[in-house]
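Could you put together the complete structure from these sequences and hints?
Quick note, the sequences are listed as chains A and B, same order.
According to the numbering used here, the first sequence is numbered sequentially starting from 712.
According to the numbering used here, the second sequence is numbered sequentially starting from 9.
Any given hint might turn out to be false.
[Said to hold, decoys possible] Here are the simulated SDA-like cross-link-like pairs (lysine to any residue), alpha carbons at most 20 Å apart as the crow flies:
(1) Lys-716(A) to Lys-17(B)
(2) Lys-716(A) to Gln-49(B)
(3) Lys-767(A) to Gly-111(B)
(4) Lys-17(B) to Tyr-750(A)
(5) Lys-716(A) to Leu-53(B)
Bear in mind the hints are in silico, worked out from the structure with no lab data behind them.
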Amino acid sequence: DQQVKQNSPSLSVQEGRISILNCDYTNSMFDYFLWYKKYPAEGPTFLISISSIKDKNEDGRFTVFLNKSAKHLSLHIVPSQPGDSAVYFCAANERNAGKSTFGDGTTLTVKP
Amino acid sequence: DGGITQSPKYLFRKEGQNVTLSCEQNLNHDAMYWYRQDPGQGLRLIYYSQIVNDFQKGDIAEGYSVSREKKESFPLTVTSAQKNPTAFYLCASSIYTGTSGFGEQFFGPGTRLTVL
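Structure below.
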């Protein structure tokens, strides 16, 4: 049973517009959530995170929103740039479990 | 520069041979991880280690083995028992923050293993 789901395998947006990537989880013990960005043939890089005690965290063009009651989080990128084109992974941590559970990723394409 | 190194970037082996993938970090991180990525799929956890001389199986540990004799090193051996070893392998590390458990993971560049 997949505990972290990214239901949209791909997303295409126009440069300058907003990109919204979604992630759902089922395990209520998750208390820390992260987003990673990955280019082909490279390792993922950390983008932004949010603790379960918050509902929003912002870092420049990137904002993560957490809705605990819906067990849903989203990553907003605004404005989107062609260099943002990559695979985005959502991940969730359970305190002291020592590991993250990853979603399958969403491929974002930003068109010039 | 601090970071994680994986070597080699490309590796070819004949079917039936064991192969060991290297992962070294100089970030002084407590935890280390091995993932496998297949085309069009996400990251699947093979093994992880929170401290030296201790490690746990992930979701797909069968056919793999690891050791954690030093904090900086976490080599992964792909044995001949692994049915489909051809994949992209990623190593990562993270620090224990105390208040939030283990923080974000820092990934190496990956090793693409092809078994012929």
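Enumerated hints in conflict with the structure, sorted upward:
1
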